[in-house]
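The listed protein sequences derive, respectively, from chains P and L. Counting along the first sequence from 1, when you hit position 151 you're at 151 in this note's numbering, and nothing is skipped either side. Counting along the second sequence from 1, when you hit position 40 you're at 40 in this note's numbering, and nothing is skipped either side.
Calculated from the structure, these hints are not laboratory results. As the structure is a computational prediction, the values presented were derived from the model and not from experiment. Possibly wrong hints are sitting among the right ones.
All copies of an identical chain are treated as equivalent in the list; a pair is satisfied when it fits inside any one copy or across any two copies.
Straight-line alpha carbon distances no greater than 20 Å define the calculated SDA-like cross-link-like pairs of lysine to any residue that follow [claimed, not checked]:
1. K180 / P76
2. K180 / Q208
3. K192 / T105
4. K60 / G178
5. K180 / R66
6. K180 / E75
7. K60 / F213
8. K180 / L74
There are 2 protein chains.
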Amino acid sequence: MLNPNAPIPLYRQLADLISARIRSGEYAPGSRIPSEHQLAAAHGLGRPTIRQALDMLIRKGLLTRRRGSGTYVLEPQQEVDLFSLDGTSASFRKKGLAVETRLLTPIHLLRVSGAAENPFDGQQAYFFSRLTRLAGTPVLLEGLYLHAQLFDGIQHLDLEGRSLSAIAEEKYYLRPSGGKQSFRIAIADADKATLLAVSPGSPLLAVQRWLTFSQTPCGVFSELWCRTDQFVFTQTIGGTGYA
Amino acid sequence: MLNPNAPIPLYRQLADLISARIRSGEYAPGSRIPSEHQLAAAHGLGRPTIRQALDMLIRKGLLTRRRGSGTYVLEPQQEVDLFSLDGTSASFRKKGLAVETRLLTPIHLLRVSGAAENPFDGQQAYFFSRLTRLAGTPVLLEGLYLHAQLFDGIQHLDLEGRSLSAIAEEKYYLRPSGGKQSFRIAIADADKATLLAVSPGSPLLAVQRWLTFSQTPCGVFSELWCRTDQFVFTQTIGGTGYA
DNA sequence: CAAATTTATTTGTATTGACAACTTTACCAA
DNA sequence: TTGGTAAAGTTGTCAATACAAATAAATTTG
Chain P
1 MLNPNAPIPL
11 YRQLADLISA
21 RIRSGEYAPG
31 SRIPSEHQLA
41 AAHGLGRPTI
51 RQALDMLIRK
61 GLLTRRRGSG
71 TYVLEPQQEV
81 DLFSLDGTSA
91 SFRKKGLAVE
101 TRLLTPIHLL
111 RVSGAAENPF
121 DGQQAYFFSR
131 LTRLAGTPVL
141 LEGLYLHAQL
151 FDGIQHLDLE
161 GRSLSAIAEE
171 KYYLRPSGGK
181 QSFRIAIADA
191 DKATLLAVSP
201 GSPLLAVQRW
211 LTFSQTPCGV
221 FSELWCRTDQ
231 FVFTQTIGGT
241 GYA
Chain L
1 MLNPNAPIPL
11 YRQLADLISA
21 RIRSGEYAPG
31 SRIPSEHQLA
41 AAHGLGRPTI
51 RQALDMLIRK
61 GLLTRRRGSG
71 TYVLEPQQEV
81 DLFSLDGTSA
91 SFRKKGLAVE
101 TRLLTPIHLL
111 RVSGAAENPF
121 DGQQAYFFSR
131 LTRLAGTPVL
141 LEGLYLHAQL
151 FDGIQHLDLE
161 GRSLSAIAEE
171 KYYLRPSGGK
181 QSFRIAIADA
191 DKATLLAVSP
201 GSPLLAVQRW
211 LTFSQTPCGV
221 FSELWCRTDQ
231 FVFTQTIGGT
241 GYA
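Required output: the full structure, derived from the provided sequences and hints.
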């Protein structure tokens with residue numbers, strides 16, 4: 001089972017094993033996993049090593065500990081999709097509403113200019129835009145800029161029907177390490193009014209987002225224009241970042 | 001210095017001591033703190049206890065470790081204030097703009113009713129409201145609801161000039177473990193228009209926020225109405241949550 | 001003097017052991 | 001049957017010890 005000669009430390013291997021048991025349903029949400037002493041006996045490890053493994057999973061939000069009682073599996077938390085709508089489209093799908101996202105501008109490399117807030121100003125970046133409809137009504141317009149070197153070759157991939165965060169993680173091994181976002185009320189110009197089916201001059205929620213990757217201060221910059229008369233822009237906060 | 005008979009565990013006391021040394025500048029950003037063995041000798045503690053203290057500070061983003069080299073103080077990161085404006089007021093202070101926050105409604109216990117999105121609906125909760133001015137112009141109106149049991153006795157504390165997150169942490173040992181927020185465009189009614197010095201019917205950014213504490217699904221619910229014509233509502237994302 | 005090697009230092013992993021603090025279960029008396 | 005107490009079980013804190021892996025400093029060699 002656990003291999004002391006492998007380069008991966010034992011506590012890590014155990015965390016992965018327990019994580020797999022959670023994922024497979026062997027340790028169901030709400031259930032209590034074996035005690036630290038039991039796990040130590042079962043795996044032939046010391047209790048501090050068990051605790052290190054469990055500490056990891058607790059920090060990832062998979063488990064919680066109750067002193068005197070045991071260690072319990074938490075309900076799965078929805079992972080925040082920072083590339084787009086966050087929890088919003090998932091909650092709409094739960095309600096059975098049709099969510100449809102279509103590319104407006106296919107992804108291509110361009111030189112960004114005259115956009116002071118865009119971190120790629122004066123440089124090349126990949127750009128694409130898309131429109132999301134909710135039960136047929138356009139509700140979200142997005143423009144995304146991707147770091148040219150980090151996402152080298154992405155224009156050859158098919159973006160339709162794929163989550164950009166999945167692509168970033170699976171193809172480029174990239175996970176955002178943090179970022180910044182801003183919110184303001186923007187007034188719809190003629191183009192955006194047409195795309196979002198509102199009157200010119202209507203207020204739209206304008207969101208800008210800067211995503212940081214570990215070695216890159218800004219790897220993704222996105223701008224979203226939302227019709228909050230049609231839906232509520234919701235977002236999960238933090239998760240485990242404040243424990 | 002450290003008191004083994006105090007109810008606070010030694011690793012916690014040490015973390016606080018090191019944290020205070022960082023804050024006072026004794027351990028400057030970029031500098032290396034004493035080694036784990038040195039700290040153990042200096043405080044008469046075992047190394048695992050030292051490591052527990054340092055682990056805490058590393059997770060809070062104050063320190064970083066380099067194997068074979070030592071433990072270093074990180075540049076201060078702006079801590080997200082989830083109780084209010086996030087990074088926004090700090091960035092305004094940096095620009096030398098006067099930020100003034102005043103209580104409108106003093107904190108008191110009330111029974112919440114007829115507010116479907118308020119998690120305290122049908123229950124008692126502490127409530128207070130405040131107005132923030134930027135260079136004299138009202139820009140942010142807030143209403144905050146606090147869990148009656150979690151914040152027992154808070155009405156006796158002076159809230160003026162104190163950050164609610166500092167109070168929550170120092171007085172109640174509470175840190176949010178996560179939460180949810182929503183954004184939409186609201187239309188200013190007469191009251192809000194007066195308070196925020198806009199015309200009735202003007203669009204305002206309406207933010208709702210639900211903060212979770214470890215044993216309490218919702219400990220703090222807040223509603224904010226922001227004039228984004230006067231400032232940009234910005235927010236740091238995640239930080240260490242995705243590492 | 002520069003490069004290579006060795007030594008010292010420091011963090012990373014892992015162990016056995018002990019006691020404290022809290023929760024749960026079992027048992028007994030009213 | 002209910003309430004109180006004791007025992008058992010479990011996590012939380014803390015220790016001493018040991019070796020591995022990486023980095024930094026010192027020493028040696030060309």
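From the Cα coordinates, with 20 Å as the cut-off, is the pair K180 and Q208 best called within, between, both, or neither? Both ways: K180 and Q208 sit 8 Å apart in one copy and 18 Å across, limit 20 Å.
Checking K180 and P76: alpha-carbon separation at most 20 Å within a copy, between copies, both or neither? between (25 Å within a copy, 16 Å between copies)
Within a copy, between copies, both or neither: where do K180 and R66 come within 20 Å Cα-Cα? neither (34 Å within a copy, 25 Å between copies)
Up to 20 Å between alpha-carbons, please classify K192 paired with T105: within, between, both or neither. Classified as within; 14 Å inside a copy, 40 Å across copies.
Go through the copies and call it for K60 and F213: within, between, both or neither, with a Cα cutoff of 20 Å. Cα proximity of K60 and F213: in one copy and across copies (17 Å, 16 Å).
Give the relationship of K60 and G178 under a CA distance limit of 20 Å: within one copy only, between copies only, both, or neither. both (15 Å within a copy, 12 Å between copies)
Within a copy, between copies, both or neither: where do K180 and L74 come within 20 Å Cα-Cα? between (28 Å within a copy, 18 Å between copies)
When no copy is specified for K180 and E75, does a C-alpha distance of 20 Å or less occur within a copy, between copies, both, or neither? Between copies only: 16 Å across, 28 Å inside.
Checked against the numbered hints given earlier, this structure breaks only hint 5.
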